[in-house]
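2 protein chains.
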Amino acid sequence: IAKEVAKLLEMKAQLGGDEGKHKFVLKTPKGTRDYSPKQMVIRERVFNAIITCFRRHGAEVIDTPVFELKETLTGKYGEDSKLIYDLKDQGGELLSLRYDLTVPFARYLAMNKITNIKRYHIAKVYRRDNPAMTRGRYREFYQCDFDIAGQFDPMIPDAECLKIVHEILSDLQLGDFLIKVNDRRILDGMFAVCGVPDSKFRTICSSVDKLDKMPWEEVRSEMVGEKGLSPDAADRIGEYVRLHGGLDLIERLLQDPKLSQSKLAKEGLGDMKLLFEYLTLFGITGKISFDLSLARGLDYYTGVIFEAVLLQQENDHVQEPVSIGSVAGGGRYDGLVGMFDPKGRKVPCVGVSIGIERIFSILEQRVEASEEKIRTTETQVLVASAQKKLLEERLKLISELWDAGIKAEVLYKKNPKLLNQLQYCEDTGIPLVAIVGEQELKDGVVKLRVVATREEVNVRRENLVAEIRMRTRWP
Amino acid sequence: IAKEVAKLLEMKAQLGGDEGKHKFVLKTPKGTRDYSPKQMVIRERVFNAIITCFRRHGAEVIDTPVFELKETLTGKYGEDSKLIYDLKDQGGELLSLRYDLTVPFARYLAMNKITNIKRYHIAKVYRRDNPAMTRGRYREFYQCDFDIAGQFDPMIPDAECLKIVHEILSDLQLGDFLIKVNDRRILDGMFAVCGVPDSKFRTICSSVDKLDKMPWEEVRSEMVGEKGLSPDAADRIGEYVRLHGGLDLIERLLQDPKLSQSKLAKEGLGDMKLLFEYLTLFGITGKISFDLSLARGLDYYTGVIFEAVLLQQENDHVQEPVSIGSVAGGGRYDGLVGMFDPKGRKVPCVGVSIGIERIFSILEQRVEASEEKIRTTETQVLVASAQKKLLEERLKLISELWDAGIKAEVLYKKNPKLLNQLQYCEDTGIPLVAIVGEQELKDGVVKLRVVATREEVNVRRENLVAEIRMRTRWP
Numbered sequence: 001i002a003k004e005v006a007k008l009l010e011m012k013a014q015l016g017g018d019e020g021k022h023k024f025v026l027k028t029p030k031g032t033r034d035y036s037p038k039q040m041v042i043r044e045r046v047f048n049a050i051i052t053c054f055r056r057h058g059a060e061v062i063d064t065p066v067f068e069l070k071e072t073l074t075g076k077y078g079e080d081s082k083l084i085y086d087l088k089d090q091g092g093e094l095l096s097l098r099y100d101l102t103v104p105f106a107r108y109l110a111m112n113k114i115t116n117i118k119r120y121h122i123a124k125v126y127r128r129d130n131p132a133m134t135r136g137r138y139r140e141f142y143q144c145d146f147d148i149a150g151q152f153d154p155m156i157p158d159a160e161c162l163k164i165v166h167e168i169l170s171d172l173q174l175g176d177f178l179i180k181v182n183d184r185r186i187l188d189g190m191f192a193v194c195g196v197p198d199s200k201f202r203t204i205c206s207s208v209d210k211l212d213k214m215p216w217e218e219v220r221s222e223m224v225g226e227k228g229l230s231p232d233a234a235d236r237i238g239e240y241v242r243l244h245g246g247l248d249l250i251e252r253l254l255q256d257p258k259l260s261q262s263k264l265a266k267e268g269l270g271d272m273k274l275l276f277e278y279l280t281l282f283g284i285t286g287k288i289s290f291d292l293s294l295a296r297g298l299d300y301y302t303g304v305i306f307e308a309v310l311l312q313q314e315n316d317h318v319q320e321p322v323s324i325g326s327v328a329g330g331g332r333y334d335g336l337v338g339m340f341d342p343k344g345r346k347v348p349c350v351g352v353s354i355g356i357e358r359i360f361s362i363l364e365q366r367v368e369a370s371e372e373k374i375r376t377t378e379t380q381v382l383v384a385s386a387q388k389k390l391l392e393e394r395l396k397l398i399s400e401l402w403d404a405g406i407k408a409e410v411l412y413k414k415n416p417k418l419l420n421q422l423q424y425c426e427d428t429g430i431p432l433v434a435i436v437g438e439q440e441l442k443d444g445v446v447k448l449r450v451v452a453t454r455e456e457v458n459v460r461r462e463n464l465v466a467e468i469r470m471r472t473r474w475p
Numbered sequence: 001i002a003k004e005v006a007k008l009l010e011m012k013a014q015l016g017g018d019e020g021k022h023k024f025v026l027k028t029p030k031g032t033r034d035y036s037p038k039q040m041v042i043r044e045r046v047f048n049a050i051i052t053c054f055r056r057h058g059a060e061v062i063d064t065p066v067f068e069l070k071e072t073l074t075g076k077y078g079e080d081s082k083l084i085y086d087l088k089d090q091g092g093e094l095l096s097l098r099y100d101l102t103v104p105f106a107r108y109l110a111m112n113k114i115t116n117i118k119r120y121h122i123a124k125v126y127r128r129d130n131p132a133m134t135r136g137r138y139r140e141f142y143q144c145d146f147d148i149a150g151q152f153d154p155m156i157p158d159a160e161c162l163k164i165v166h167e168i169l170s171d172l173q174l175g176d177f178l179i180k181v182n183d184r185r186i187l188d189g190m191f192a193v194c195g196v197p198d199s200k201f202r203t204i205c206s207s208v209d210k211l212d213k214m215p216w217e218e219v220r221s222e223m224v225g226e227k228g229l230s231p232d233a234a235d236r237i238g239e240y241v242r243l244h245g246g247l248d249l250i251e252r253l254l255q256d257p258k259l260s261q262s263k264l265a266k267e268g269l270g271d272m273k274l275l276f277e278y279l280t281l282f283g284i285t286g287k288i289s290f291d292l293s294l295a296r297g298l299d300y301y302t303g304v305i306f307e308a309v310l311l312q313q314e315n316d317h318v319q320e321p322v323s324i325g326s327v328a329g330g331g332r333y334d335g336l337v338g339m340f341d342p343k344g345r346k347v348p349c350v351g352v353s354i355g356i357e358r359i360f361s362i363l364e365q366r367v368e369a370s371e372e373k374i375r376t377t378e379t380q381v382l383v384a385s386a387q388k389k390l391l392e393e394r395l396k397l398i399s400e401l402w403d404a405g406i407k408a409e410v411l412y413k414k415n416p417k418l419l420n421q422l423q424y425c426e427d428t429g430i431p432l433v434a435i436v437g438e439q440e441l442k443d444g445v446v447k448l449r450v451v452a453t454r455e456e457v458n459v460r461r462e463n464l465v466a467e468i469r470m471r472t473r474w475p
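Residue numbers (the numbering used here), protein chains in the order written: chain A, 1 to 475; chain B, 1 to 475.
By construction, these hints were calculated from the structure, which means they are not laboratory data. Model, not experiment: these values are computed from the prediction. Check before you lean on any hint, since a few could be wrong.
Intra- or inter-copy, both count: the list cannot distinguish identical chains.
Said to hold, decoys possible - Simulated crosslink set (DSS-like; lysine-lysine; CA at most 25 Å straight-line):
{"no.": "1", "residue 1": "Lys7", "residue 2": "Lys82"}
{"no.": "2", "residue 1": "Lys346", "residue 2": "Lys414"}
{"no.": "3", "residue 1": "Lys263", "residue 2": "Lys442"}
{"no.": "4", "residue 1": "Lys373", "residue 2": "Lys113"}
{"no.": "5", "residue 1": "Lys388", "residue 2": "Lys407"}
{"no.": "6", "residue 1": "Lys88", "residue 2": "Lys124"}
{"no.": "7", "residue 1": "Lys88", "residue 2": "Lys3"}
{"no.": "8", "residue 1": "Lys407", "residue 2": "Lys287"}
{"no.": "9", "residue 1": "Lys88", "residue 2": "Lys30"}
{"no.": "10", "residue 1": "Lys82", "residue 2": "Lys3"}
{"no.": "11", "residue 1": "Lys124", "residue 2": "Lys30"}
{"no.": "12", "residue 1": "Lys414", "residue 2": "Lys388"}
{"no.": "13", "residue 1": "Lys413", "residue 2": "Lys442"}
{"no.": "14", "residue 1": "Lys88", "residue 2": "Lys27"}
{"no.": "15", "residue 1": "Lys389", "residue 2": "Lys27"}
From just these sequences and the hints, can you work out the full model?
Spelled out as structure tokens, the structure:
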């Protein structure tokens, strides 16, 4: 049936194309959206804050193609692999749209034999997930990734990643937030001492990952019922995953008679202690929580993992309550590059990924709620005329202004009314109007009008550029 | 066979994924590439020049998804449709990667009932073409589009598009260039008076389009041999397509006894005359050529068409000769939005698309050939220490600097050698080093070293941020 439907749809589409007037479905694909000029302004603000931070930390920037060889992505995402978009086999290589920026980064490092880099990458990724666009979950969405690759002393780059998340979320003024931190080694050690069989580590880990959306009772029954874990083991896990805290908790767990039996857990806890010492130096432990229930889905993490969540704030100026969730995540993946290297050479990596869709939703609603008038252009001056038949003069003048680097517009009409030209400035926020008229041309001047105050001054044509620059300098 | 191969490849890929150490093909997909940090710096320079120009002309910016419903693209590209990348049918909608930014723009206008906008859009597009990467032809490549939609007086927006191409190519200093201009109506009128049957307009047009790569004789034999045009008609076309010039040629053709019989051609020539008058006001006719051999492939053009080519320049400082070709193109497409509108309402549009890949190749080779040292980071200062055991002090200081907005780095080592720290600055172009030591800590100062001059001064810690800012202000 699916095949037949596809065939019919294709035939329908072809018919539509040939006659040009058939009913098209006028929409963007499911889970995607356009950005309007106003939305782009907000998006650019978010990107600017993020890029400024990444650059402040000395990152270079790279770019990779939107699709990769299918086999590049295979075996990297565990259960989530089913969400990868494949391209149709039209002959040639089998391709898939990138699912994140981490795997392409690892492929890039291995391919170019790079063992040492600090880079950021901001680009769209693709997941055939169930979209929930009001909550900022899309099938096409941006990730803003910052990663540090290289063999270094423990926890210094890891601490910097957390500092970066802290800086960006503070900068963007999104309200209160919390960065949860854990370590895959602590999780695995915990599973071991709780009596989870090795073969069940992954699947039990993915149950634990649901604790931010489900109560413990449900997660427990999934572990015991669906996944066949012994009730005792589940209860032991339950004791641990409710724990969260700071240095004191780390110290306590280092003394924990059960957990300290696991070499892996001890290693993880030792590093976690070091991490918290560095975070203390950075002065950011106030918003960091060592949380044993944090698991993170992706297969490739090997050490520290973390996730930043926005905390519900009072909705005083926003009508619809914004659904709050994770806005950044990351961790250490020391094995991924080695999976691509022909000789399996490892390049330790740690990185963070900022998701802008939720952040963007919040800021967009905030702008809507406020009276802020967003300009979508930067035009400094409209070249206008008061009388008819001055199109040529307007074009000559605007050409001079463009060549001098002034941002200028002109209405594309032979004889526009002055009122319409002034209205256009009001509508689009253009601050100045340069008016040419018969008299001004004779006198070698241009009448410069300030839209806000209606003040008008005659400016000698040779001084016009300087005058416009002076009057539109940003404060 | 193809299916079997695909199956086997998939199996192979899965095997590789599961064991993690099988031979991956370490490459990007055919016709695509990564951008290294150095290449990104050059790319950003090109984008900046282009965006600055688009903004100078008062454009807003929009964004659309990388894929569209397949039927959105159907019937828009004529013969080129076979080059569209389709996504695999994984259930749900049938999708294709965008082939250009023009059709998504038209879809956006119709979907949002916008009849009036001036916008730019810079994004990657996808064509399953035969790649020739040394000549800047990729399967994934950027287009930088500027379009004006709306009902306006003739040729004013069209002239602005040409002005924009002129400004950008001048700004980028790519050497000499020429912008060829023609009009679909002149072409169609010419075909009519030369005796080409209506049904053959499109295919003969696509033969004419090859004149920039093939001599007339070959094009003629394609017309007559493959496409069954009468030799007489072909010869008559041959007379016209060798013509190029300026206002004088337009005037001559307006008087041409044959061509003036075509209402369509006369309309086109009349508008061409107007266009050249405006281009004269803009002072750019020196680089514009009205060229009857310019055809352009895409189906959707209805009026003015144009294409900018770089002219071969002396290769004095470049080793490999850069293959020169088209770097921008565009035209008027008054019918495209109507194809999406349920009631067929038309929105006249004209636009230009800048292709950056060739431009990028040229600039990249120029940078390679010159001795220019490109910095890929913006770091102002490295926080270093001369003695051991000062990691904590370095982290405390760098945290202060980051919080003050200073771009700073630190080596991720507990006890790095001073020499290595200085070497890192040399390698990456960091201009300053802030050195902490036991004595400095006691004295409440930081030793600030200028890498270029080796000058060292003690700066009081509370003045450090101001001092760094002062010393790294761009000239």
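Going through the hints against the structure:
Taking the shortest alpha-carbon separations for Lys7 and Lys82, both the intra-copy value of 24 Å and the inter-copy value of 17 Å come in at or below 25 Å. Proximity of Lys346 to Lys414 under the C-alpha cut-off of 25 Å is restricted to the inter-copy arrangement: shortest distance 21 Å between copies versus 67 Å within a copy. For the homomeric pair Lys263 and Lys442, neither the shortest alpha-carbon distance inside one copy (90 Å) nor that between copies (41 Å) is at most 25 Å. For the identical chains of this complex, Lys373 and Lys113 are inter-copy neighbours only, at 22 Å across copies versus 49 Å inside a copy, given an alpha-carbon limit of 25 Å.
In the homo-oligomer, the alpha carbons of Lys388 and Lys407 lie at most 25 Å apart inside one protomer (24 Å), although the nearest pairing across protomers, at 55 Å, exceeds that limit. Both within a single protomer and between protomers do Lys88 and Lys124 lie at most 25 Å apart by alpha-carbon distance, with minima of 20 Å and 19 Å respectively. Taking identical chains as interchangeable, the C-alpha atoms of Lys88 and Lys3 lie at most 25 Å apart whether they share a chain (14 Å) or sit on different chains (12 Å). Proximity of Lys407 and Lys287 under a CA criterion of 25 Å is satisfied inter-copy only: 23 Å between copies versus 44 Å inside one chain copy.
Proximity of Lys88 and Lys30 under a CA criterion of 25 Å is satisfied in both settings, with 18 Å inside one chain copy and 15 Å between copies. With identical chains, the CA atoms of Lys82 and Lys3 are at most 25 Å apart both within one copy (20 Å) and between copies (21 Å). In this assembly of identical chains, the alpha carbons of Lys124 and Lys30 lie at most 25 Å apart whether taken from the same copy (15 Å) or from different copies (20 Å). Taking CA atoms no more than 25 Å apart as the test, Lys414 paired with Lys388 passes inside one copy only; the shortest distance there is 8 Å, against 75 Å between copies.
Proximity of Lys413 and Lys442 under a CA criterion of 25 Å is satisfied intra-copy only: 23 Å inside one chain copy versus 72 Å between copies. Taking the closest pair of Cα atoms, Lys88 and Lys27 come within 25 Å of each other both inside a single copy (22 Å) and across two copies (19 Å). Taking identical chains as interchangeable, the C-alpha atoms of Lys389 and Lys27 are never at most 25 Å apart, the minima being 43 Å within one chain and 61 Å between chains.
Checked against the numbered hints given earlier, the structure breaks hints 3, 15 and satisfies all the rest.
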